[in-house]
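4 protein chains.
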Amino acid sequence: MGAVKSKRVPRAVREQQMLDAAVLTFARRGYRAASMDEIAELAGVSKPLVYLYLNSKEDLFSTVIRRESEALMAAVSAAVEPGESADRQLWGGLRGFFAYTAEHPGGWAVLHQQARTQGEPFAHEVAAVRGEIVEFVTELLGAAAKEAGCVGELAEREVAGLAHALVGAAESLAEWANCRTDEGASGEWARLSAKDAAATMMNVVWAGLGRMMGGERWVPGELVGHESRSGTRG
Amino acid sequence: MGAVKSKRVPRAVREQQMLDAAVLTFARRGYRAASMDEIAELAGVSKPLVYLYLNSKEDLFSTVIRRESEALMAAVSAAVEPGESADRQLWGGLRGFFAYTAEHPGGWAVLHQQARTQGEPFAHEVAAVRGEIVEFVTELLGAAAKEAGCVGELAEREVAGLAHALVGAAESLAEWANCRTDEGASGEWARLSAKDAAATMMNVVWAGLGRMMGGERWVPGELVGHESRSGTRG
Amino acid sequence: MGAVKSKRVPRAVREQQMLDAAVLTFARRGYRAASMDEIAELAGVSKPLVYLYLNSKEDLFSTVIRRESEALMAAVSAAVEPGESADRQLWGGLRGFFAYTAEHPGGWAVLHQQARTQGEPFAHEVAAVRGEIVEFVTELLGAAAKEAGCVGELAEREVAGLAHALVGAAESLAEWANCRTDEGASGEWARLSAKDAAATMMNVVWAGLGRMMGGERWVPGELVGHESRSGTRG
Amino acid sequence: MGAVKSKRVPRAVREQQMLDAAVLTFARRGYRAASMDEIAELAGVSKPLVYLYLNSKEDLFSTVIRRESEALMAAVSAAVEPGESADRQLWGGLRGFFAYTAEHPGGWAVLHQQARTQGEPFAHEVAAVRGEIVEFVTELLGAAAKEAGCVGELAEREVAGLAHALVGAAESLAEWANCRTDEGASGEWARLSAKDAAATMMNVVWAGLGRMMGGERWVPGELVGHESRSGTRG
DNA sequence: AATGAATGAGTTTTCATTCAT
DNA sequence: TATGAATGAAAACTCATTCAT
Chain G
1 MGAVKSKRVP RAVREQQMLD AAVLTFARRG YRAASMDEIA ELAGVSKPLV YLYLNSKEDL
61 FSTVIRRESE ALMAAVSAAV EPGESADRQL WGGLRGFFAY TAEHPGGWAV LHQQARTQGE
121 PFAHEVAAVR GEIVEFVTEL LGAAAKEAGC VGELAEREVA GLAHALVGAA ESLAEWANCR
181 TDEGASGEWA RLSAKDAAAT MMNVVWAGLG RMMGGERWVP GELVGHESRS GTRG
Chain H
1 MGAVKSKRVP RAVREQQMLD AAVLTFARRG YRAASMDEIA ELAGVSKPLV YLYLNSKEDL
61 FSTVIRRESE ALMAAVSAAV EPGESADRQL WGGLRGFFAY TAEHPGGWAV LHQQARTQGE
121 PFAHEVAAVR GEIVEFVTEL LGAAAKEAGC VGELAEREVA GLAHALVGAA ESLAEWANCR
181 TDEGASGEWA RLSAKDAAAT MMNVVWAGLG RMMGGERWVP GELVGHESRS GTRG
Chain C
1 MGAVKSKRVP RAVREQQMLD AAVLTFARRG YRAASMDEIA ELAGVSKPLV YLYLNSKEDL
61 FSTVIRRESE ALMAAVSAAV EPGESADRQL WGGLRGFFAY TAEHPGGWAV LHQQARTQGE
121 PFAHEVAAVR GEIVEFVTEL LGAAAKEAGC VGELAEREVA GLAHALVGAA ESLAEWANCR
181 TDEGASGEWA RLSAKDAAAT MMNVVWAGLG RMMGGERWVP GELVGHESRS GTRG
Chain F
1 MGAVKSKRVP RAVREQQMLD AAVLTFARRG YRAASMDEIA ELAGVSKPLV YLYLNSKEDL
61 FSTVIRRESE ALMAAVSAAV EPGESADRQL WGGLRGFFAY TAEHPGGWAV LHQQARTQGE
121 PFAHEVAAVR GEIVEFVTEL LGAAAKEAGC VGELAEREVA GLAHALVGAA ESLAEWANCR
181 TDEGASGEWA RLSAKDAAAT MMNVVWAGLG RMMGGERWVP GELVGHESRS GTRG
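Those protein sequences? They're chains G, H, C and F, same order as listed.
Numbering follows the UniProt record's numbering, with no gaps: position 163 of the first sequence is 163.
Numbering follows the UniProt record's numbering, with no gaps: position 131 of the second sequence is 131.
Numbering follows the UniProt record's numbering, with no gaps: position 151 of the third sequence is 151.
Numbering follows the UniProt record's numbering, with no gaps: position 127 of the fourth sequence is 127.
A few of these clues could be false.
Note that identical chains are pooled: a pair holds if it fits in a single copy or bridges any two copies.
What the hints assert, rightly or not - Each computed DSSO-like pair below joins lysine-lysine, with the alpha-carbon atoms no more than 30 Å apart:
1. K57 - K7
2. K47 - K7
3. K7 - K195
4. K146 - K195
5. K195 - K47
6. K7 - K146
Please keep in mind that the hints were generated in silico from the structure rather than gathered at the bench.
With the hints as constraints, model all of the structure from the sequences given.
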């Protein structure tokens, strides 16, 4: 029922059709609840063919994860100009990220919602990809610190925390941006554009980073400079 | 045989034992992959008793979600001093949140990872709870803006975006903080303490908020004041 | 929820309450679909008490069958004046039968619909009762033949067939009479009274019997006297 | 292992095999007590195949009811010559009915004993079929009355009652005719042939009808003509 | 006289997967 | 390249029945 019936299709094409169907189905139902029957029907082929090409449900899911991960990474990478300043690189990457997730909600749902919750073969794969992104962000933040002439005030672990926070914030905004319209009292603005989402991210994080690079820290009671900074461990 | 065999236990107690087992199992396996058999065995009872008390797998999961949601909300609420300034309230809430998630990884995993991905009966329930938190944060941010004498520069939607970003960042940090030690190259500091996580959050977001309240916005190319602010739509 | 809660009731009374509940439940659901839980709840007692008094589901059903059979037989018997003519005895029995089934639809349903279809322990019990009735009718018909001075024209097997037909007809009318009102185009007469049902029976069967005693038989093509009677076998 | 193992059979054939097995099993055990396992084994296939083809136990039972109903109706219809006189039509239909039920005891048991007692999805289906038969008989009786020049003495409701009685009588005879031989004292004639059963029916009902058409009614105490007829209601 | 707590054994149903063509 | 036919294994759920009090 999914695609129009067309017999004798070359393998590469059929495989993509199957993967498309799988992405949709996994996104809608989750890994366990998605049935090979549904995927095969949506792909417009018989189940044995799915097994012939993709081997097993597990392999199918892995393949989907790999394909979607690569597509996401490619989209983000393409949006980053390697030569530019750190903040512009981050801005580019964020716009790429929000644009991609908005245009590929299925793939994003599989990566962000489904793959992470299905235990070990899959959680690991997707965690690796996320790790790459976090690392990339970490590097950008470090570079930004250097660009800004920050005098090593930012401990490595602080930067890593920042990066994790940043990535989580972006994920949250992506979800919010793409969500059903009924959210929020003011229905006037249903979703956030990719640009606005990226801008929000930059405002929050970049500004925060700027202050931190200046040595300021929030401590209970006051905003203080770095000389009075409270240790974050013991 | 998870728990020690103890016969003839009053219903209320048994129910809690079952819910404990269910939390663990759902967290480990996910909703679909968790079997009632496993839950019953872990609870140290037979399957029929689970059905007698908790009715169905769906009801069991709902009950788990409800119990864990309420516990989380209670923990966060208890950590917030209502009379204090907005930033201290936020600080308290964050510490409460990170402390709770660190001590109850199972409950947090059920809420954050499993419930959200299981389609409509459950996603809605947990979305409502998250919505409450986002709203609470939104109000705090608004209050903070007023406290700081912000002159209405922050549009409602900006604050909402900030709140979503903040919540997402906290979730991400919670996950990172509680993650398996093998993460990262420097194994020296395996996790983030609740306090450090909260501090990271405050530094990032509070500082960012401060700048934004001052009318500064990040725009491609420079950090500028509000007069040159780029539109957030189109 | 069935009866009003009243503790410490003498055994004989409790047993009847349980049997009442069982009749209702078996009538509504059938033997297999009726659950001991439902019966116990309807009886207003706990399940162990049902087992204590009635032993098992099978025994409970048997007891119900026995009680209801005896009640039916008693009702029919009471309606028959032993000294009267055969036709008046039959008339009385039929009125008793229709009256009883109309007033005890549950008991009748258990006997007629449920017990007969539940395989051997029960089908036999209820078949025995029905057999008694058929035999009683057979005797009545025989007596009637004698009363009418029938010259032995009616073979034993013909009378038995007649009796079976008569009983089946009565059962069918009983069901029709007690059925939901929406039956038939002319809703004016929703049900048949016991008297009318009995009259219909008498008209059909008695008249038929009269002719047969006269030696007339229906044969394909004509109504003929006994001299041209076609054999009923071969 | 009911049937001989025969692999790779076309669907249409397998479906009939399954339905055959289902008829037998439902007849033997009843709807609730029949297990899909038993049906599958008797059909010589695995349970999943039964579900694949027939969907669910409920659907399977419905399909059985439909198939058997249609077969019964077809058999009866085929035995009726539409152009003939009412009595000959009735005679034909009765012979067809008794012949069919004798040859298909399983199907008849499912329709007559099981389907009617299983509550609403099924009772209705089979009641509809029985209703058709009753209606057909009603029309025949009406036609017979006209043929015989009956002057409207027979009220519509009387005819309907007659029809119901007739159908019930036939059902009862069918059951008796096909019953296990051990029934009755005289084991010499185990069953009634279809022809004899039909003859018995015709004798009873046709003769009775004849008298009624003549205006005679049985009333307590005497056989009287129509002028002294007692009202049937109140 | 009566019950709250508990279960063994079975039911219907689903699903990933393979065989034969 | 492609599929109709088929199943082993396991899941959710139910129920008659008993134990301990």
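*asked:* I want to check one pair: K7 and K195. Are their C-alpha atoms no more than 30 Å apart within a copy, between two copies, both, or neither?
replied: For K7 and K195, neither the intra-copy (42 Å) nor the inter-copy (60 Å) Cα distance is at most 30 Å.
_Alpha-carbon proximity between K47 and K7, which holds within one copy, between copies, both or neither at 30 Å_ = both (15 Å within a copy, 20 Å between copies)
*Indicate which option fits the pair K195, K47 if close means a Cα-Cα distance not exceeding 30 Å: within, between, both or neither.*
neither (41 Å within a copy, 52 Å between copies)
*Is it within a copy, between copies, both, or neither that the alpha carbon of K7 lies no farther than 30 Å from that of K146?*
Neither: 59 Å inside a copy, 65 Å across copies.
*Homomeric proximity label, K146 with K195: Cα distance no greater than 30 Å*: both (26 Å within a copy, 27 Å between copies)
*Is the C-alpha distance from K57 to K7 at most 30 Å within one copy, between copies, in both cases, or in neither?*
Intra 23 Å, inter 27 Å, cutoff 30 Å: intra and inter.
The structure does not agree with the numbered hints 3, 5 and 6 stated previously, though it agrees with the rest.
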